[in-house]
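Each chain, written out:
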Amino acid sequence: AQSVAQPEDQVNVAEGNPLTVKCTYSVSGNPYLFWYVQYPNRGLQFLLKYITGDNLVKGSYGFEAEFNKSQTSFHLKKPSALVSDSALYFCAVRDGGYSTLTFGKGTMLLVSP
Amino acid sequence: SQTIHQWPATLVQPVGSPLSLECTVEGTSNPNLYWYRQAAGRGLQLLFYSVGIGQISSEVPQNLSASRPQDRQFILSSKKLLLSDSGFYLCAWRDFITGELFFGEGSRLTVL
Numbered sequence: 020a021q022s023v024a025q026p027e028d029q030v031n032v033a034e035g036n037p038l039t040v041k042c043t044y045s046v047s048g049n050p051y052l053f054w055y056v057q058y059p060n061r062g063l064q065f066l067l068k069y070i071t072g073d074n075l076v077k078g079s080y081g082f083e084a085e086f087n088k089s090q091t092s093f094h095l096k097k098p099s100a101l102v103s104d105s106a107l108y109f110c111a112v113r114d115g116g117y118s119t120l121t122f123g124k125g126t127m128l129l130v131s132p
Numbered sequence: 140s141q142t143i144h145q146w147p148a149t150l151v152q153p154v155g156s157p158l159s160l161e162c163t164v165e166g167t168s169n170p171n172l173y174w175y176r177q178a179a180g181r182g183l184q185l186l187f188y189s190v191g192i193g194q195i196s197s198e199v200p201q202n203l204s205a206s207r208p209q210d211r212q213f214i215l216s217s218k219k220l221l222l223s224d225s226g227f228y229l230c231a232w233r234d235f236i237t238g239e240l241f242f243g244e245g246s247r248l249t250v251l
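Protein chains in written order, with my numbering: chain A, 20 to 132; chain B, 140 to 251.
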């Protein structure tokens with residue numbers, strides 16, 4: 020069975036500071052990893068994904084994530100946070116087979132001015 | 140490009156009334172389609188998925204049902220709504236190669 024853990028319910032960061040939203044996963048075989056963002060009363064928007072290749076993945080809005088196989092982690096990062104980055108962030112994983120995505124419970128990111 | 144539409148966007152229904160939420164996808168054929176529910180603005184619960192017309196898999200036994208009458212149409216229904224059915228319902232289709240999900244804008248259901 021596959022699973023995702025987002026250990027923080029909420030992350031608070033000041034605008035201009037770097038941010039990290041944590042994600043660890045468990046999956047049999049090679050993982051396909053995703054980050055999504057959700058603004059209030061909106062659907063989820065895709066940010067970035069890791070399937071294979073370079074461990075550092077760059078995505079939308081200046082976000083990036085680093086795949087760490089030994090630590091089974093896929094943390095989301097941004098060098099300089101914006102107030103407009105405040106939203107709910109979901110990490111998701113699937114294995115290489117024909118499985119559905121499993122989502123974490125979400126982490127609320129609050130960026131203060 | 141592919142697009143996904145959900146309606147209605149907002150719905151307020153009394154307990155015991157029926158429900159029909161519709162999802163349609165454009166720009167792709169034979170998509171895998173999914174219904175998720177998000178309660179209290181947090182975690183996602185997979186309710187149903189469909190790999191083709193008339194094929195429905197239920198992940199969680201509940202008061203809801205799903206149907207796929209056409210290739211790009213996915214409907215979420217209930218005969219009698221419960222208070223606990225309130226939530227934000229999201230439809231999604233899946234990219235067959237990457238497994239990435241593309242979500243609609245959601246339907247917010249309030250049962251009173």
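It should be emphasised that the hints constitute simulated quantities derived from the structure, not laboratory data.
As the structure is a computational prediction, the values presented were derived from the model and not from experiment.
Beta carbons: idealized from backbone N, C-alpha and C, even for Gly.
One or more hints might be untrue.
[Unchecked claim] Derived DEER-like restraints, expressed as beta-carbon distance ranges: (1) D28(A) / P147(B): 47 to 57 Å; (2) T91(A) / D210(B): 29 to 39 Å; (3) S89(A) / P153(B): 50 to 60 Å; (4) Y58(A) / H144(B): 39 to 49 Å; (5) P147(B) / S22(A): 49 to 59 Å; (6) L129(A) / S197(B): 18 to 28 Å.
[As the list claims (entries may be wrong)] Reference listing, derived: stretches of chain B covered by chain A, where coverage requires no fewer than 3 residues with Cβ under 8 Å from a Cβ of chain A: (7) 150-164; (8) 206-215.
Here's how the hints hold up against the structure:
1. D28(A) / P147(B): 47 to 57 Å: violated (31 Å)
2. T91(A) / D210(B): 29 to 39 Å: Holds, at about 37 Å.
3. S89(A) / P153(B): 50 to 60 Å: For P153(B) against S89(A), whose Cβ atoms are near 54 Å apart, the range 50 to 60 Å holds.
4. Y58(A) / H144(B): 39 to 49 Å: violated (18 Å)
5. P147(B) / S22(A): 49 to 59 Å: Given about 34 Å between the Cβ atoms, the range is violated.
6. L129(A) / S197(B): 18 to 28 Å: violated (36 Å)
7. 150-164: violated (count 0)
8. 206-215: Since three or more residues must qualify, the claim that chain A covers the stretch 206-215 of chain B is violated, with 0 doing so at under 8 Å.
Checked against the numbered hints listed earlier, the structure breaks hints 1, 4, 5, 6, 7, 8; every other hint is satisfied.
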